[in-house]
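J.: Chain residues, written in single-letter form:
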Amino acid sequence: EDQVTQSPEALRLQEGESSSLNCSYTVSGLRGLFWYRQDPGKGPEFLFTLYSAGEEKEKERLKATLTKKESFLHITAPKPEDSATYLCAVRSLNNDMRFGAGTRLTVKP
Amino acid sequence: DAGITQSPRHKVTETGTPVTLRCHQTENHRYMYWYRQDPGHGLRLIHYSYGVKDTDKGEVSDGYSVSRSKTEDFLLTLESATSSQTSVYFCAIRVGGEGYEQYFGPGTRLTVT
Chain A
212 EDQVTQSPEA LRLQEGESSS LNCSYTVSGL RGLFWYRQDP GKGPEFLFTL YSAGEEKEKE
272 RLKATLTKKE SFLHITAPKP EDSATYLCAV RSLNNDMRFG AGTRLTVKP
Chain B
753 DAGITQSPRH KVTETGTPVT LRCHQTENHR YMYWYRQDPG HGLRLIHYSY GVKDTDKGEV
813 SDGYSVSRSK TEDFLLTLES ATSSQTSVYF CAIRVGGEGY EQYFGPGTRL TVT
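Residue numbers (our numbering), protein chains in the order written: chain A, 212 to 320; chain B, 753 to 865.
So here's chain B without its partners, still in its complex pose:
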């Protein structure tokens, strides 16, 4: 258990509304990530953070923003949700050591109607 929680776990929202997903970790890891997972695409990186207020874009960042005001929390915001953003969203942390393995949270299933 990597001590990662995500909230909410499920959400249904309407097109055009803003949505914020939260990732919380208990172990003070520096690196945190947001991915989306869609059938046939595998996990794709949206944004990541390498410290408080330090973030960068991933492969599929359009339409998303992130914030990290505390080490333990990493927020993902869909500024104006679209149906193409219906997906399962996973947060991950990177642990130290040689491998830089990433450990994942339980996911948030988001449906945009």
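Looking at chain A on its own, in the form it has when it is part of the complex:
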């Protein structure tokens, strides 16, 4: 069965303190790995899709990377407005999407 595990569950950073979120996965044929941002009381907002090991994508202070077993979301010099829950999901060969439970990020000024 496909599985997605995100760590840590929660992360508190000071403004400007760079860090990484982890998404480990097992899937029967990866057709895409997705990162979403979710603010309290709102729906997930799409950030990135990664397709193959070695691929990287960037958006402002966020950079997502992918290996054959995990993905990292690197946050460089975060600001308080980056505080949110970050969700990872994988799409398998049968097109099923499996989501992780998320990492709740808090950035203090």
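Honestly, the hints are just simulated from the structure, not real lab data. Check the hints yourself; a few may be wrong.
Claimed, not checked - Below, in silico cross-link-like pairs of lysine-lysine (DSS-like), each with a Cα-Cα straight-line distance of 30 Å or less:
| # | chain 1 | residue 1 | chain 2 | residue 2 |
| --- | --- | --- | --- | --- |
| 1 | A | Lys279 | A | Lys319 |
| 2 | A | Lys319 | A | Lys268 |
| 3 | A | Lys290 | A | Lys270 |
| 4 | B | Lys822 | B | Lys809 |
| 5 | A | Lys280 | A | Lys270 |
| 6 | A | Lys274 | A | Lys290 |
| 7 | A | Lys253 | B | Lys809 |
| 8 | A | Lys280 | A | Lys268 |
| 9 | B | Lys763 | A | Lys280 |
| 10 | A | Lys280 | B | Lys809 |
| 11 | B | Lys809 | B | Lys763 |
| 12 | B | Lys805 | A | Lys253 |
| 13 | A | Lys253 | B | Lys763 |
| 14 | A | Lys290 | A | Lys253 |
| 15 | A | Lys274 | A | Lys319 |
As the list claims (entries may be wrong) - To be clear about the criterion: a stretch of chain B counts as covered by chain A if any three or more of its residues have a C-beta under 8 Å from a C-beta of chain A, and this derived list gives those stretches:
| # | segment |
| --- | --- |
| 16 | 792-803 |
| 17 | 855-865 |
Stated by the list, open to error - Ranges between beta-carbon positions, derived for each pair:
| # | chain 1 | residue 1 | chain 2 | residue 2 | range |
| --- | --- | --- | --- | --- | --- |
| 18 | A | Lys319 | B | Glu824 | 35 to 45 Å |
| 19 | A | Tyr262 | B | Ser832 | 36 to 46 Å |
| 20 | B | Arg796 | A | Ser294 | 23 to 33 Å |
| 21 | A | Thr287 | B | Thr765 | 26 to 36 Å |
| 22 | B | Asn780 | A | Arg223 | 34 to 44 Å |
| 23 | A | Lys270 | B | Gly803 | 24 to 34 Å |
| 24 | A | Gln225 | B | Pro770 | 48 to 58 Å |
| 25 | B | Tyr852 | A | Glu212 | 31 to 41 Å |
| 26 | A | Tyr262 | B | Glu811 | 15 to 25 Å |
| 27 | A | Ser263 | B | Ser832 | 41 to 51 Å |
| 28 | B | Ser832 | A | His285 | 44 to 54 Å |
Note that this is a predicted model, so its numbers are computed, not measured. Just so you know, even glycine gets a beta-carbon here, dropped at the ideal spot from N, CA and C.
Once you've looked at the hints, dock chain B against the given chain A.
T.: The following block gives chain B in isolation, referenced to the frame of chain A:
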């Protein structure tokens, strides 16, 4: 903005009553999904639709039914609500292209007392 609305946004209902949640999209996407989100579980797929009157079950479909009579509307019905169905429900659409990314609506918070 993916042009997805959900109604109602909040609902409190009693155990044993039927409840219908509505998802409406404005962009004529073929695929639509219903998920529930609970602490510690992430998003779990309830049902999805791949066209008008074409639907299929997801991971947690027991106690739920869906209908899609028009491309733009996807309804989720809790046939007889139970306290275990207290959750936040999200509708999503799948856009075209290589990635098949899903875009989500704002959610409906349902409380079953």
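J.: State for each hint whether it applies.
T.: Structure-based check of each hint:
no.	hint	result
1	A:Lys279 / A:Lys319	violated, 33 Å
2	A:Lys319 / A:Lys268	holds, 25 Å
3	A:Lys290 / A:Lys270	holds, 14 Å
4	B:Lys822 / B:Lys809	holds, 19 Å
5	A:Lys280 / A:Lys270	holds, 22 Å
6	A:Lys274 / A:Lys290	holds, 15 Å
7	A:Lys253 / B:Lys809	holds, 25 Å
8	A:Lys280 / A:Lys268	holds, 17 Å
9	B:Lys763 / A:Lys280	violated, 40 Å
10	A:Lys280 / B:Lys809	holds, 28 Å
11	B:Lys809 / B:Lys763	holds, 24 Å
12	B:Lys805 / A:Lys253	holds, 28 Å
13	A:Lys253 / B:Lys763	holds, 16 Å
14	A:Lys290 / A:Lys253	holds, 20 Å
15	A:Lys274 / A:Lys319	holds, 20 Å
16	792-803	holds (count 6)
17	855-865	holds (count 5)
18	A:Lys319 / B:Glu824: 35 to 45 Å	holds, 43 Å
19	A:Tyr262 / B:Ser832: 36 to 46 Å	holds, 42 Å
20	B:Arg796 / A:Ser294: 23 to 33 Å	holds, 25 Å
21	A:Thr287 / B:Thr765: 26 to 36 Å	violated, 45 Å
22	B:Asn780 / A:Arg223: 34 to 44 Å	holds, 43 Å
23	A:Lys270 / B:Gly803: 24 to 34 Å	holds, 33 Å
24	A:Gln225 / B:Pro770: 48 to 58 Å	holds, 49 Å
25	B:Tyr852 / A:Glu212: 31 to 41 Å	violated, 21 Å
26	A:Tyr262 / B:Glu811: 15 to 25 Å	holds, 24 Å
27	A:Ser263 / B:Ser832: 41 to 51 Å	holds, 46 Å
28	B:Ser832 / A:His285: 44 to 54 Å	holds, 47 Å
Checked against the numbered hints listed earlier, the structure breaks hints 1, 9, 21, 25; every other hint is satisfied.
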